[in-house]
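There are 2 protein chains.
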Amino acid sequence: MRQLWKSLPVEMRATTTCAGRHLQLGEFMTNPVLVEVLRGDIVESVHRGAAVIVDGDGKLVREIGDIGMPVFPRSAVKAIQALPLIETGAADAYGFGDRELALACASHSGEARHVELAGAMLARAGLDETALECGSHWPSNHDATVALARAGGSPNQLHNNCSGKHAGFLCVCCHQKIGHRGYVQFAHPFQQLVAETMEQVTGVRHGLENSATDGCSIPTYAAPLKSLALGFARMVSGNGLAPERAKAAKRLMSACMAEPFYVAGAARVCTQLMEAAPGRIFAKVGAEGVYCAAIPELGFGIALKCEDGAARAAEVAVSSILAGFFANDEAVFAKLTALCRPSVENRKGEPVGVMRPASALA
Amino acid sequence: MRQLWKSLPVEMRATTTCAGRHLQLGEFMTNPVLVEVLRGDIVESVHRGAAVIVDGDGKLVREIGDIGMPVFPRSAVKAIQALPLIETGAADAYGFGDRELALACASHSGEARHVELAGAMLARAGLDETALECGSHWPSNHDATVALARAGGSPNQLHNNCSGKHAGFLCVCCHQKIGHRGYVQFAHPFQQLVAETMEQVTGVRHGLENSATDGCSIPTYAAPLKSLALGFARMVSGNGLAPERAKAAKRLMSACMAEPFYVAGAARVCTQLMEAAPGRIFAKVGAEGVYCAAIPELGFGIALKCEDGAARAAEVAVSSILAGFFANDEAVFAKLTALCRPSVENRKGEPVGVMRPASALA
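Each protein sequence line maps, in turn, to chains A and B.
Each residue of the first sequence is one higher than the last, beginning at 263 in the working numbering.
Each residue of the second sequence is one higher than the last, beginning at 263 in the working numbering.
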C-alpha cells in the first residue's frame with residue numbers, strides 16, 4: 263500500500279498522474295475538477311477528486327486523478343462488511359431475504375420502513391435497539407424528522423443510517439455466539455473478522471495503522487481507490503474470490519439491486535441509480551465524497567472520492583461515469599444523465615443554476 | 263473586472279499567483295489547500311480556496327490563491343446591501359436599533375427571537391410576512407426545527423435565514439414609497455439602488471452580465487475576492503466613502519458587533535467570532551464557502567472562498583486568518599484558535615478527528 267496521507271500537505275503527496283499529466287513526487291499535485299456548480303451561467307464552485315474503474319482481475323479500465331490516494335471508504339463498503347452475515351449462515355438462520363440484506367448494506371434515511379425493519383432484524387436474534395452501539399441521530403430524510411418530531415418522538419439508534427448494518431453485525435455475533443458487547447471496537451473478534459474479509463476482497467491490509475473511527479463508531483480503513491474498485495469488481499464478477507464467497511457476494515449485490523429503497527431511501531441517489539437500471543447497477547455512497555459502484559454485466563468496479571468530501575459532487579460524478587456505460591440504452595442513459603445535472607434551486611424551488619460533470623469526466 | 267469564470271474549466275482560467283507561484287493563462291492552475299479534515303491522524307478530505315486581506319486604500323496585506331477569481335459573495339455582503347436602510351432614513355423613521363440593524367445584515371438560524379424580530383420590523387412599516395418574496399425553509403437551527411414541528415407548525419418566510427435582510431429591503435421600499443412588489447427582481451428600482459451601492463463600495467461593476475439569482479431570489483453579483491475585501495475595509499475604515507456613507511457603514515458594523523446573535527444565532531461561527539472580540543471583529547458568512555470579515559482597529563477587510571463551497575472549511579479559514587491578528591491578546595487568541603480546530607465527532611458525540619488550517623494559512 264502507498265504511503266498514507268497522514269499529515270503531509272496535499273501538495274507533497276506522491277502521485278502518478280494528474281489530469282493525464284505525469285508528475286513527480288514533490289511536484290505540484292492536484293486532482294482534476296470532476297464537477298462544476300453553476301449559478302446562472304457562471305461557475306460558482308468546483309469539486310476536485312479522483313475516480314477509477316477496474317475489472318475483476320484488477321485491470322484498469324479508466325483512471326482520473328490520484329487513484330493511489332488512500333481513502334476512507336466509510337459507508338461505501340457496507341456490502342463487503344456484510345459478507346460475514348451470509349458466510350456464517352446467520353442470514354439464513356434468521357430467515358433474511360433481500361430487504362434485510364439490502365438494509366444490512368445500507369445508509370438509510372431513517373424512514374419508517376427502514377427503522378421498523380432494522381428493529382425486526384434485531385428481534386430475530388432476540389435483541390433490541392439497546393444492543394446497538396452506533397449512536398442516535400435524527401433521520402436524514404427531512405419529512406421523517408418532521409414526522410418524528412410532530413409525533414412527540416426523538417430518534418433512537420434504529421434511526422441511525424447505519425442501523426441495518428449494525429443489526430446485521432449483531433446477528434452474526436449472536437449466531438456465532440461471540441459476545442456482542444463492544445462489537446464496534448477495532449480489537450473485537452467480530453471487527454477482526456470484518457477487517458480480514460475486507461482485506462481479502464480489496465487486497466489491502468486493514469490494520470490499526472490505516473484505521474480511524476467511523477461515524478457509527480466502527481473502524482474505517484484507508485485504502486487506495488483502485489483497491490476499493492477492485493473489491494466491487496470482485497463482488498459482482500466473483501473473480502479472485504473463493505466460490506462460496508463469490509456466491510455470497512453476488513447474493514448481497516443482487517439483494518441491493520432488488521431492493522434499492524432499503525439501501526438508501528426516497529429521493530436518494532443510490533436508490534435512483536439502482537432503480538434506473540434494475541439489476542444492472544450497484545451503487546453505494548460513503549461519507550466525505552466517496553462513491554463505490556459496480557456493473558455486473560461488465561464485471562466492472564468503480565470507486566471515486568471528491569477530495570473535499572462533498573456528497574453532491576460524488577453523486578454527479580458517479581452518475582456521469584455510470585452513464586458512459588449505458589449510452590446504447592436510451593431509457594437508462596436518459597435517467598442517468600438526468601442525475602448528472604441536478605438543479606440548483608432558490609428557496610422557492612425555482613431553478614437558478616445547475617451542477618454538471620466537468621471535462622475530466624467527459 | 264477580470265474575465266468571468268463562465269463555462270471555462272477551472273484549469274483554463276487566468277490567474278496571477280497560486281500558492282506563491284506565478285502561472286500563465288492556460289498553465290495548470292489551482293488554489294492551495296486551506297483546510298484539512300483529519301479522521302484519526304489521517305487526512306480524509308481537503309478544502310482549497312483563496313483568501314485576501316486589504317486595507318481601506320486597497321493595499322494588499324496578504325493574498326493566498328487566486329484572489330482575482332470572481333466570486334458570488336452571496337449573503338456575505340448583506341451589510342453592504344443594508345446601507346440604503348440607513349442612508350434613506352428608513353431605519354430611523356421606523357425606530358430601528360442595533361438588533362434590527364444586525365438582523366438586516368443577518369443569515370439567521372430561524373430561532374424564535376430572529377423570527378419575531380423580523381416580523382416586528384415588517385410591522386413597523388405596516389407590512390407582514392406575506393410581503394416577503396424570499397421563500398420559506400425550515401430553520402437551520404435543528405432545535406428550532408424540532409420545536410416548530412412539535413408545535414405542529416410549518417416554516418413561513420419569516421423563518422428564511424434572509425428574512426431580516428428582506429424586512430429591511432421592504433422597509434426602504436415603504437419609506438421611499440417605491441412599490442415593493444417584485445422588490446427581489448434585478449430590474450426593480452430598489453435592487454438597482456442596492457447594486458449601485460455595492461458597486462460604489464466594492465469598486466466592481468454590478469450588472470446583468472455578472473449576476474445570477476441568490477437562494478432568497480435577489481440578484482447576487484460575481485466580484486473578485488480582492489474587491490469584496492476592499493468593500494469591508496472601507497465599511498470599517500470609511501476610506502474612499504463619502505462622509506454620510508462612512509457613518510452609515512460604521513453604524514451597521516457596530517450594530518452587528520454589538521448584537522452578534524442577531525447576525526447568525528446559537529453555536530454559529532459568525533456569532534462566536536464577534537463574541538470572541540467584542541467590537542474588534544466583524545464576520546459574515548456567505549453560502550458556497552464564502553466568508554467576509556473586517557478588523558475595525560486595523561481598518562482591514564478580509565474575503566475568502568473555499569472553491570468547493572464548503573462552509574465548514576470557510577469557518578476554519580476565516581478563524582485562522584483572524585487569529586493571526588490577535589496573537590498578542592491571549593484571551594481572544596485562545597477563543598479564535600479553538601474555532602480553527604473543530605472536532606470531527608461520531609454519532610455518540612465522541613471526537614474521532616479534527617479540522618485544521620493547512621500550511622497555506624500558516
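Treat the hints as calculated values from the structure; they're not laboratory data.
The beta-carbon is built from N, C-alpha and C at its ideal position, and this holds for glycine as well.
You may find that some hints are simply not true.
[Said to hold, decoys possible] Partial list, derived from the structure: chain A residues whose beta carbon lies under 7 Å from chain B:
hint, residue
1, 307
2, 334
3, 405
4, 408
5, 415
6, 418
7, 422
8, 465
9, 467
10, 470
11, 471
12, 479
13, 571
14, 573
15, 610
16, 613
[Said to hold, decoys possible] Restraint ranges, calculated between C-beta atoms of paired labels, are given here:
hint, chain 1, residue 1, chain 2, residue 2, range
17, B, 375, A, 405, 21 to 29 Å
18, B, 398, A, 392, 55 to 63 Å
19, B, 591, A, 613, 43 to 51 Å
20, B, 458, A, 590, 51 to 59 Å
21, B, 405, A, 590, 20 to 28 Å
22, B, 451, A, 613, 46 to 54 Å
23, B, 382, A, 591, 53 to 61 Å
24, B, 603, A, 388, 37 to 45 Å
25, A, 409, B, 392, 26 to 34 Å
26, A, 418, B, 469, 50 to 58 Å
27, A, 613, B, 607, 49 to 57 Å
[To be verified] Keeping only pairs whose Cα atoms sit at most 30 Å apart, straight-line, the calculated BS3-like set for lysine-lysine is:
hint, chain 1, residue 1, chain 2, residue 2
28, B, 610, B, 597
29, B, 610, A, 610
30, B, 610, A, 439
31, A, 321, A, 597
Tested hints:
1. Because the closest C-beta pair between residue 307 of chain A and chain B is about 4 Å apart, less than 7 Å, the hint holds.
2. Interface hint status for residue 334 of chain A: upheld, as the beta-carbon distance to the closest one in chain B is roughly 5 Å, under 7 Å.
3. For residue 405 of chain A, the suggested interface contact is broken, since its CB lies about 10 Å from the closest CB of chain B, more than 7 Å.
4. The beta carbon of residue 408 of chain A is positioned within 7 Å of a beta carbon in chain B (closest approach about 5 Å), and the interface hint is therefore held.
5. Here the hint on residue 415 of chain A is broken, as its CB sits about 9 Å from the closest CB of chain B, past 7 Å.
6. Because the closest C-beta pair between residue 418 of chain A and chain B is about 12 Å apart, greater than 7 Å, the hint is violated.
7. A cut of 7 Å between beta carbons decides the hint on residue 422 of chain A: the least distance to chain B is about 6 Å, and the hint holds.
8. About 19 Å separates the beta-carbon of residue 465 of chain A from the nearest beta-carbon of chain B, more than 7 Å, and the hint is not met.
9. Interface hint at residue 467 of chain A: violated, since its Cβ lies 14 Å from the closest Cβ of chain B, which is beyond the 7 Å cut-off.
10. Taking 7 Å as the C-beta contact cut-off toward chain B, the hint placing residue 470 of chain A at the interface is violated, the least distance being around 10 Å.
11. Of the supplied interface hints, the one on residue 471 of chain A is violated, with its beta-carbon coming no nearer than about 9 Å to a beta-carbon of chain B, more than 7 Å.
12. A least Cβ separation of about 5 Å between residue 479 of chain A and chain B falls short of the 7 Å threshold, and the interface hint therefore holds.
13. Restraint check, residue 571 of chain A versus chain B: the minimum CB separation of about 4 Å is within 7 Å; hint holds.
14. A least Cβ separation of about 11 Å between residue 573 of chain A and chain B goes past the 7 Å threshold, and the interface hint is therefore violated.
15. Restraint check, residue 610 of chain A versus chain B: the minimum CB separation of about 4 Å is within 7 Å; hint holds.
16. Taken as an interface hint, residue 613 of chain A does not check out: its beta carbon lies about 9 Å from the nearest beta carbon of chain B, beyond 7 Å.
17. About 27 Å separates the C-beta atoms of residue 375 of chain B and residue 405 of chain A, a value consistent with the hinted range of 21 to 29 Å.
18. For residue 398 of chain B paired with residue 392 of chain A, a C-beta distance near 39 Å fails the hint of 55 to 63 Å.
19. Here the CB-CB span from residue 591 of chain B to residue 613 of chain A is close to 47 Å, well matched to the stated 43 to 51 Å.
20. For residue 458 of chain B and residue 590 of chain A, the hinted distance range of 51 to 59 Å is satisfied, since their beta carbons lie about 54 Å from each other.
21. The given range of 20 to 28 Å is broken by residue 405 of chain B and residue 590 of chain A, whose C-beta atoms sit roughly 51 Å from each other.
22. The hinted window of 46 to 54 Å between residue 451 of chain B and residue 613 of chain A is violated, with their beta carbons roughly 26 Å apart.
23. Between residue 382 of chain B and residue 591 of chain A the CB atoms are about 58 Å apart, so this pair conforms to the stated range of 53 to 61 Å.
24. Taking the beta carbon of each, residue 603 of chain B and residue 388 of chain A are about 44 Å apart, inside 37 to 45 Å as hinted.
25. For the pair residue 409 of chain A and residue 392 of chain B, the beta carbons lie near 27 Å from each other, so the given range of 26 to 34 Å is met.
26. The hinted window of 50 to 58 Å between residue 418 of chain A and residue 469 of chain B holds, with their beta carbons roughly 54 Å apart.
27. Between residue 613 of chain A and residue 607 of chain B the Cβ separation comes to about 35 Å, which falls outside the hinted range of 49 to 57 Å.
28. As the CA atoms of residue 610 of chain B and residue 597 of chain B are separated by approximately 25 Å, the hinted pair is consistent with the 30 Å bound.
29. About 35 Å separates the Cα atoms of residue 610 of chain B and residue 610 of chain A, which puts this hinted pair outside 30 Å; it is violated.
30. For a cut-off of 30 Å, the pair hint linking residue 610 of chain B to residue 439 of chain A stands: about 26 Å separates their Cα positions.
31. Pair hint residue 321 of chain A plus residue 597 of chain A holds up; C-alpha atoms about 28 Å apart against a cutoff of 30 Å.
When each numbered hint is compared with the structure, violations occur for hints 3, 5, 6, 8, 9, 10, 11, 14, 16, 18, 21, 22, 27 and 29.
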